[in-house]
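Trainee: The primary structure of each chain is shown beneath.
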Amino acid sequence: MKRLDHKGYYFIAPFFVIFLVFNIYPVLLTFYYTFTHYEGYGKPEFIGLANYARILTDSYFLEAFVNTWKIWGLNFALQLGIALFLAALFSDLRFRIKGLGFFRAVFYLPNLITISSVAILFSIMLDWQYGSINQFLMKIGLIAEPINWLNSPFASQASVSLILTWMWFGYTFIVLMAGVSGISKEYYEAALIDGANRIQTFFYITLPLLKPIMLYVLITSLIGGLQLFDLPMLLTDGLGSPDGALNTMVLYLYNQAFRYNNYGYAATIAYMLFLITVVFSAITFKSMYREAKGEKAAAKEEKRKIKAAKKRGNTNAQGKKVA
Amino acid sequence: MHKEKKLLNKTLIYILLTVLAIVSFIPFYMMIINATRETKDIIMGFTFIPGTELVENYKNMMSYVNIWAGFKNSLIVSVTVTILSGYFSALTAFGFAVYNFKGKNQLFIFMLLMMMVPGQLGLIGFYELNKALGFLDTFIPLIVPAIASPFVVFFLKQYLSSTLHPSLLEAARIDGAGELKIFHTIALPIMMPAVATMSIFTFIGSWNNYILPLVVIFSPEKYTLPVLMGFLKGSQVAQNLGSLYLGIAISVVPIMIAFLFFSKYIITSISAGSVKG
Amino acid sequence: MKKMLGMVLTLVLLAGLIAGCSNSASSTTEKGKDSDVLKVWSFTDELKEPIKTFEEKNGVKVELTIIPIADYPTKLKPVLESGVGAPDVFTGEIAFLKQWINRDYWENLSADPYNVDEWSDDYVPYVFDLGKDNEGNVKALSWQTTPGGIFYRRSIAKEVLGTDDPAEVGSMMSSWEKMYEVGDKLKAEGYRLFPDEGSVRWFSKSEDPQPWVNENDELIMTQAKLDYFDQAKELREKDYTAFAPEWSPSWFASMNGPVAYNGGWEEVDEKASGDKTEVFSYALPTWGLHSVLKPNAEETAGDWAVTTGPAPYFWGGTWLGVYSGSKNKDLAFEFVKMMTHDEEFLTDWAKETGDVLSYLPVTNKIKDDFSEEFLGGQNNYTFFLEEAKKIEPGIVTEYDQQIDTLLGSKVSEYVEGKLTKEEAVQEFYKAVKNAYPNIKTP
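Chains as they are written, first to last, in my numbering: chain A, 1 to 323; chain B, 1001 to 1277; chain C, 2001 to 2442.
If you're looking for bench data, these hints aren't it; they were derived computationally from the structure.
Heads up, the beta-carbon is just placed ideally off N, CA and C, and yes, glycines get one too.
Among the clues, some could well be false.
Claimed, not checked - Computed from the model, here is a short list of chain A residues facing chain C with C-beta under 10 Å: (1) F102; (2) V106; (3) N255; (4) Q256; (5) F258.
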């Protein structure tokens, strides 16, 4: 085995060659801009650490940071909740829900449309006078008067979270189901025989074994979520209104770069965002891995217990017969 | 008693799933219906009944852009991107999952780190690079970077670490198989459901990619669909919402088909894997 | 099964690669042929017809590339900076015109062999002036002028004000106080003066015309602009507006007939069904007639007229020039010349589209023949040309678009009651400072 280990380099070489050229180089170039005043025209002017000094006291950036977390947090909780619930339903041997393929395909549909079309669609539907969402909610009597969705900070953040949930729950569900497909059916059969109930099965088998995939979902969603941009941009014409509630970090970055031509500062925001993402991903990784190790052991323990219980059950039955 | 309760539960579940399905499908329906309607009707509100303007909308749209040429370009780019990304990501994930070479963890963490760089700002550097390499106004900047898809590698590696048993590899090695052959005959088939799943996302991501082709492609005959859609929005078609919706519908329907094709493939593998029995 | 799939994938991969290669191969051969093609970039398809004319006239091929306005600067910037794949002629919207003019993107048209300074008397002054850089060199020209006015409904004017004559209505709206009086009368009859508060921003901006930023990079906050906060608030509090912000569905709908005031819920709430209202007037420029009102006000066509508000203003406009790195400058300039200085072409263009031209030799000749059916036979052409003359040149800065937007959002937060006026003004300064750290705010 050891003598073969160097072969790993061959397998990852094509990836890293392309990666260095097309990803790393542009990013390093950007890093240089963080030390400059650069308007995107002509030559960047070196200004040392001024951009970094500015970002640490920038209340707009802080606001964007908080907004981004709020919007992403609500969306992720909902999206993961729905996807896990669905995964639990479909992986449950007792329900035997039919039409997995159909539902999975349909749930994923919202993710097929480009985000700009989604934004156009929702800006029409969220219009507080003529939008179909208010009309519908009032018709079924859920609200008494129209909600001006994009005018109140809370409602607008919640709207964006809900749109994101709508767009992504199908994706998360597919990914989780792909993970479920990797779980050996023996675990479920054993649990079934053992008489473990649904909730136990879910928490002791499905969830722990899905940990690597959940980690994937969490990290990618975190990265994507912290880069939330298109929806707030298109729903507010780039302003992040009302009251800056939809001003997210990347929208702020975009405005600094392309609206106000402060490329140097925008690059600094990009690196701050990078740093934030790294820190939070690292925390997630650490805690998930520690847990995952523990849970895996727990799952093994559970399996052992189940097997043992099975044996005991058999002997008991035999014992009864004997008696 | 127990049976009745179970039936009730099951009915509730199906109702819930159906509601979710409707919520997911409605915007598509709106889009398709709107593609057959006139602008002023679209502004006035939504209806479930198709309009009569489909042919008009189509003619209007085609007078501005040749959407089928864009279709062909998008197809070439997206298919190659999907295949390159699927194959090379599997290769890389295999390398990371199986071998314990020096610096492996550092490289993997480095890759993860680079995933976290916000894309917007690399744009200028990316443009400069392609200018220097002479790749502007070709499909190369759209296709070749797909060889390095960190998200896919990350997913496949996670998948492999829970599905690939080292004993399988050992057995193959004892049989005298080379490493690359092992990858092709053992690892790749095992990864196939995950590769297929990721391929869907890659394909759709590439199909909907807008800002990159916008920046690196100049010749109208090489425009991909999303760029053509932008073209439509800048023209007078934008005042004809029906044509705009028709354009969006035409660009979405094929990925729906591609998606259905791929999702079918995953279903079989999943039922073979766990649910069956 | 799996083997088959592998084979299929390999085949597709090969096919894809071959397709990719053949495509890039064909593109290189095409490039050779492309050199005598004139490349024009713009953000609308306005130039489509002129290009056809130009092709026929000169026997050349012109390639028009349209990029949506939102992505236009993003796409142009790298191209103009690097010169790779750049167009020969490109247009600029007022929003980024000033930024680009002060770089070397457009050829200096004041120099030989163009010498367009000789043309200066042929144009509406503010339009020609906007095409000059800080040193006074002309970089871009425009064929149009885009002054604004107030478009109002004749039938409502007759009913409430006793006249629908543009001059008389104009004098009733000639100051803020008078405008509020009109608003009061309209309100009594169940009408609304404007669709929303944003409608008056142009008047406050041009009441005391001064640039936003002076040569010392200081923000100039005029009393007129400070008053705008109160004026907008007053409009809202006195119920002169119909809660229909620009470009929203309700805005468009209100042009065509009665809209529900404060929500569109008549079919839901029976009691509210009497609560309909009609909007009396809209502040829109020349192009607003053709691209906003006409397509959206089919039911009310012919019932409109245009008149002056408390102050003259202009909104939008497209300029074009020759790319400084173009290899085809002569032909490129020919195109610019046709668009802006060709009597025959411009006469046809104006008659066909109704576009209000900035080129006076043509407008003087044709202006009296216009009679717009949509406006009940009014000659909007002479009206707008008169308005264009009143516009002060030299007050547009490269910051205007963004600063106006920032001001608008703070004003609306004040109108909504989320901030006090003092807070709103301070927040505005802070936002300007954040966007442009070099600008000194009061």
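Trainee: Which numbered hints turn out to be false for this structure?
Mentor: 1, 2
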